[in-house]
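Listed below, chain by chain, are the residues.
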Amino acid sequence: MKTIMLGNQAIARGAYEAGVTVAVAYPGTPSTEITEFVAGYDDIYAEWSPNEKVAMEVALGSAMAGARTMVSMKHVGVNVAADPLFTASYTGINGGLVICTADDPGMHSSQNEQDSRYYARAAHIPMLEPADSNEALSYMKRAFDISEAYDTPVFIRLTTRISHSQSIVQLNEREVVELKPYEKNIEKNVMMPLYARPKHIIVEKRMNQLAEDASTFTDLNTVEMKDTKVGIITSGVPYQYVKEVMPDASVLKLGMVHPLPKKLIEDFASKVDRLYIVEELEPIFEEQIKAWGIKVIGKEIFTVQGEYSANMIEERILGKELELRDAEKLPGRPPVLCPGCPHRGIYYVLKKLKIHATGDIGCYTLGALPPLEGIDTCVCMGGGVSMLHGVEKARGKEFIKKWVGIVGDSTFVHSGITGLVDIVYNKGISTVMILDNSTTGMTGHQENPTTGRNLKGEEVPVLNLVALCKAVGIHHVRVVNPFKPKEVEVALKEETNREEPSVIIASAPCELLDKKKKRIPLYVNQETCRKCNMCMKIGCPAIQKKDGNIIINDALCVGCNLCTKVCPFGAIEKGE
Amino acid sequence: MSVKNILVVGVGGQGTLLTSRILGNLALNNGYDVKLSEVHGMAQRGGSVVTHIRFGEKVYSPLVEIGHADVIVAFEKMEALRWAHYLKKDGVMIVNTQEINPMPVITGGAEYPSDLVEQIKGKCDKTIFIDALSHARELGNFRVVNTVLLGELAKHLDFDVEQWEKAIEITVPKKTIEINTKAFKSL
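Chain order of the listed sequences is Z and Y.
For the first sequence, my numbering puts the final residue at 812, and the numbers step up evenly by one.
For the second sequence, my numbering puts the final residue at 193, and the numbers step up evenly by one.
What the hints contain is simulated information worked out from the structure, not anything from laboratory work.
Each hint can be trusted.
Here are a few chain Z residues that sit away from chain Y, every Cβ distance over 10 Å (derived from the structure):
{"no.": "1", "residue": "Tyr-354"}
{"no.": "2", "residue": "Tyr-386"}
{"no.": "3", "residue": "Asp-455"}
{"no.": "4", "residue": "Pro-519"}
{"no.": "5", "residue": "Lys-633"}
{"no.": "6", "residue": "Gly-693"}
Distance condition first, Cα-Cα at most 16 Å in a straight line; then the derived EDC-like pairs of lysine to aspartate or glutamate:
{"no.": "7", "chain 1": "Z", "residue 1": "Lys-556", "chain 2": "Z", "residue 2": "Glu-480"}
{"no.": "8", "chain 1": "Y", "residue 1": "Lys-129", "chain 2": "Z", "residue 2": "Asp-562"}
{"no.": "9", "chain 1": "Y", "residue 1": "Lys-191", "chain 2": "Y", "residue 2": "Glu-171"}
{"no.": "10", "chain 1": "Z", "residue 1": "Lys-782", "chain 2": "Y", "residue 2": "Asp-121"}
{"no.": "11", "chain 1": "Y", "residue 1": "Lys-191", "chain 2": "Y", "residue 2": "Asp-166"}
{"no.": "12", "chain 1": "Y", "residue 1": "Lys-64", "chain 2": "Z", "residue 2": "Asp-484"}
{"no.": "13", "chain 1": "Y", "residue 1": "Lys-129", "chain 2": "Z", "residue 2": "Glu-559"}
Backbone N, C-alpha and C define an ideal beta-carbon position, used for all residues, glycine too.
Okay, chain Z solo, but in the shape it has when bound (with noise of 0.2 Å):
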């Protein structure tokens, strides 16, 4: 049967087809859908874990007890999991693992634009990149092929464009896999320098064998020989813009980008009289293809920052000058908090009150910008909380006090726990905000510790965050109602003047969580409406100027009242 995918679907679509039993993973934009739709098979054991550490644990232990396993994480969350990482590429797997990972040219939804191919090379882990959804689902099955070939873990390359693009799939029946017996081997699980050393060995013995047998796999590394004036070896979305503006060129593609096929490249490269390499970010195949003595043209004429176009290959490479028109000169439309989002009236009064913050990964990241402005970093999940005691150990105690550190729910989870325990076992007095809105939000509403319910939709034990942070030694941990702003100021007050580390909970939830709930927009009463501006203060989306005037949008308002709240003239009413 044919039907039409998101390649995060059929990356699901795969792992299902391919008798996988046990998916993990921690939700993060391009990566999210995989683990979303994978939890829609009844087949499959799938679950959101605390981050992306305990994820690729959780896989290695269950692909050790003989299940085929499939982690999944965005780029960055690889960095997370890079401890256990490295060292699953040593002890090898028993059922077959792999490690999806979704990387963001152009970072549509990220803090950085690293590679994921770098982690292949440094961890000694082959990796595949599909270039659409259908080499995405028929890859999984691959990988786990491979996986258990060669004992080791495997990654599945994906990039925003394959992630979040749909196109055509066929399906296939699940192959049902039987779990593979276990058997406690110390020499192979135990990773001390005793049995670590000879595991070395026999990884770099691997991974010769697998860059030998690259060559030989043509179901992955294909090669179009057309017109041999041109060659070009590419991987993932570019080879799809090649092909595009170039058909007649002859194209390498590779469908495993680490270990290359070297016999295969060479050979390939004899056959051309101009070899070009098409690779988005890093120039990773053209450092190792050039060190082998190829002469090949990349990143002299490419970009190692953002995305590749059709358009970009059609100048670059057959050097044609494109007519485009340029954007218009607009006023920008950056991503901002949504009407009646919980967050806005935190912002509102560390604005009002002077106060600093250290940010953190989520969607209030958004509070950056004008007119709320409300942190003044944002670096990785859980650097809200660490970052701010160092500030404090740089600057002091009363330097600390005009400062709080902000990080969401799931994030304070994921990593901002271990950075609370730091602040009072080294007798930090910062102040923690945790903005709880019941979700992880910027990722699309996944569920996490705090909510009461996980990936499978289950009721279980809600994470209590006022116990657990009383648990590590904050002795003053107060919730607070985000919509009440002089609620949050006296706490604010109190808290951050406080000689102790405290706690700040915002609990209120995510305005798109409700969906039932009933909305009624505001209006604002042109004749009470002195026009101070101060309800523009909020950053609200839905309160604009017109003609001079200010209104409010209703097909944007949800009516959560916070405007109401900083109005001063109680201009603004309730609709019908």
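Since the structure of chain Z is already known, use the hints to place chain Y on it.
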């Protein structure tokens, strides 16, 4: 048939994703190769969003290139102009006249252009302006703006009405099939 290139642009939250998925199913049901590229995650939160739809005998790239779009369906007036350079010379620009102020306008750092209709007409030869929000309101649900606009798009593509209705039926949530079909036929 050469590949058809369509862009659906708008503001995160307006329902552009659903629109492109209806088109995807429509092309698939009619035996075409089809690729869609979507925006998920951060950019969806009230940002400028775009989905690319390409269908034909064989489709490689999931992206419509600058200067190659046959039709652009803009859910918001300023977004129409922002993406206008993607339109090919004789391409059709369908614009919902709804205005949504971006944050730089709300904060007073920039102004929402007052002459957008003239500017769009100056850039695109074939333009169609529709107050889809008012249409949707009259139908009793302001969320069906997307299917109102699809009704206009249908006039510029070669598919039977029955095919469109079938694509809508299999794509939208069950409870909204009736209102969406009604909205599709409202223009």
